[in-house]
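K.L.:
Top to bottom, those sequences are chains A and B. With the first sequence counted from 1, adding 570 to any position gets you our numbering. With the second sequence counted from 1, adding 570 to any position gets you our numbering.
Calculated directly from the structure, the hints in this document are not laboratory data. Just to be clear, a hint being listed does not mean it is correct.
Copies of the same chain are indistinguishable here, so a pair counts whether it falls within one copy or spans any two.
Pairs of lysine-lysine, DSSO-like flavour, derived with a Cα cap of 27 Å [claimed, not checked]:
| hint | residue 1 | residue 2 |
| --- | --- | --- |
| 1 | K863 | K847 |
| 2 | K971 | K673 |
| 3 | K797 | K623 |
Number of protein chains: 2
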Amino acid sequence: MSIQETIQQMAHAAKKAARTMANLSTTAKNNALLKMADALMAQKDYIQQENQKDLVAGRAKGLSAAMLDRLELSDKVMAAMVKGLQEVIALPDPVGEISEMNKQPSGITVGRMRIPLGVIGMIYESRPNVTVDAASLCLKAGNAILLRGGSEAINSNLALAKVLQEALASENIDAAAIQVIPMADREAVNVMLTLEEQIDLIIPRGGEGLIRFVAENSRIPVLKHYKGVCHVFVDESADHGMAVDIVMNGKVQRPGVCNALEALLVHKNEAALFLPKVWAALKDAGVELRGCKRAGAILPEIKAALPTDWGMEFLDLILAVKVVDDMEAAMDHIVQYGSLHTEVIITNNYAHSQRFLREVDASAVMVNASTRFSDGGQFGLGSEIGISTTKLHAYGPMGLKELTTKKFIVYGDGQVRS
Amino acid sequence: MSIQETIQQMAHAAKKAARTMANLSTTAKNNALLKMADALMAQKDYIQQENQKDLVAGRAKGLSAAMLDRLELSDKVMAAMVKGLQEVIALPDPVGEISEMNKQPSGITVGRMRIPLGVIGMIYESRPNVTVDAASLCLKAGNAILLRGGSEAINSNLALAKVLQEALASENIDAAAIQVIPMADREAVNVMLTLEEQIDLIIPRGGEGLIRFVAENSRIPVLKHYKGVCHVFVDESADHGMAVDIVMNGKVQRPGVCNALEALLVHKNEAALFLPKVWAALKDAGVELRGCKRAGAILPEIKAALPTDWGMEFLDLILAVKVVDDMEAAMDHIVQYGSLHTEVIITNNYAHSQRFLREVDASAVMVNASTRFSDGGQFGLGSEIGISTTKLHAYGPMGLKELTTKKFIVYGDGQVRS
């Protein structure tokens, strides 16, 4: 069978499974998730053996230590996957929620019922734990999922899928609800992206290259974010101690993630006093600061920012800093260089806080908090399947609800339209 | 300037305008809508003169009477556009609504704020009144709109846009918030569909050919429906009088629209009694019935349905009819031949009504009501900008809310992530 035929067959099976998934009770879904958690523990040795094959191949291919680390299904990662499953069990089931029921002038009563999206296509890179995290969220929201992980994790992903499918089957649930595409060829992705009749949503997770490829080639709607270029604006009235803490947390705690801080904007009236304080802390933590001219005049020892540093996602211990005239200038900078991810103002000015929240266009806008909070778990969504910086359907971290939609339901007693 | 440059320039201007639109007060938006209504009346003669050019050209091109009728901006159509504007003024402003505010364990308070989508690209065919309807809804939801109507309505659309833009300018609103693309070439659509950095959403309205073209060529998310193949299932317990009324209303009241009825499914235990009743009424109204074998055995004078009649959008006084064993068989038929638009059960069985509502996958699922209610106005959305049978973002009729999205807002007092 050709790659095309295989993927089409899998997608058809997923669509068929999705129909039954949509009507599973919450108890049935939770029981399946529980079985999945038990099975992961019971078959840990098998999974780790298969994972070992990927690690050996990865070392032979010369993958970096960081890549190999992401690839490894250590006892700790296995335990985290099981904990993740338990958390998904504890989340409320979004499916079936009825809202906005109103009687209309015609006499019909109209409302909306939350339903699963159907079939989710997930395209991701190295971490095999995504296989379990994504599958569990999709299952809880009543969807089927077609997973396409990185070629370097293929044995791990197939082993995980096998264990999850056995758990589904033992609960009399169609195992096609969770499928991992078994071939490593890029061609498999190309085929997936054309199956708009079978797949309702594509979620790509990985580097900007992968995500652009998916976005440009998909006929299916894609929820994606390319990058996170998050700013903190230290306003005239800001508490300097608070601002230093928030900048340090944003830049240093985990610099390689999309909600890390990439650029600092400082009100001109605060710069002379604030910049030396924040620079002292940043320097201690090994952060390289790249400043505009005015910042350089205050901190002569820092590097001058290049034009390309504005809007740059460093993902490293590097921070761009710019002195701005006022909040207006800060917001203009964010319009020009932001990535619609997360933007923060540090202020004690009430009117500024309200205006910044209203006017800044980003999936998360914050007052006096760290950009690092931009996360499904921290936002109270329970768990996160990804983040969207496109505005359709979901904007920001996506949880269970974002894996559902709503249909209209109508109760009549014989009404016809006049 | 090339077509490409012109469209790009317009899209850039629209994006700039969208930034200011997002922050307009409800009063400012309503004042602008009021001005637009006044201007349409004040400049009716000019608009109708320009419309006359399109009508003359249309006649010369040999457009059908129905096409010419749709194209005409008669006094009645002008009055309807003004009334539409007044209705949009009366709708609540969705922008700024804050929901789901909750304090999280970290101490931050997280909620969601409703915001405009940004720039809407509307691609549509003949009716020039869509220009005003769509522009007014987009404006009320705080968006900018780029309109691309049919080439046969180009003078009418440009005249309407000119009048609307003057109204905006007189209220100190950026006139680029409402723009009609001035060239008739198909190339203009091709360019529009690539401008994913400037345009947030494409809504195509028109025939299936146009919509497929847009869906297949757009890099921008598209909200669309191809067709409406709506079914009514007459269950075992159905009230026959009610069922006849609902079938007649669905098929006869306005057969050329997407929420018209296209196929009737009848429970085998009702068929012998019900089919003669409904056929008597349909025959009187000039409807051609095309039946399955079992229907033909009861009504020997009707035509036999061809395999292609199942799932066919007749848009005419033709109805397919099939006798089914039970609700399960009816739902299977709907899965196979439905278009995710509107599906109806006529029943007096409580359990069946609940199961049909829950399990049938369509943007609108109804009990004991006519398919013809599937409409933004009838559903209480106020006005309708289109209908979506894709599940992302909107499923079913789309009103003002569907022209918005939500961002996360966070109130902190110095929290950092540990």
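K.L.:
Now look at each hint and say whether the structure bears it out.
P.N.:
Going through the hints against the structure:
no., hint, result
1, K863 to K847, "within (18 Å within a copy, 85 Å between copies)"
2, K971 to K673, "both (26 Å within a copy, 19 Å between copies)"
3, K797 to K623, "neither (31 Å within a copy, 50 Å between copies)"
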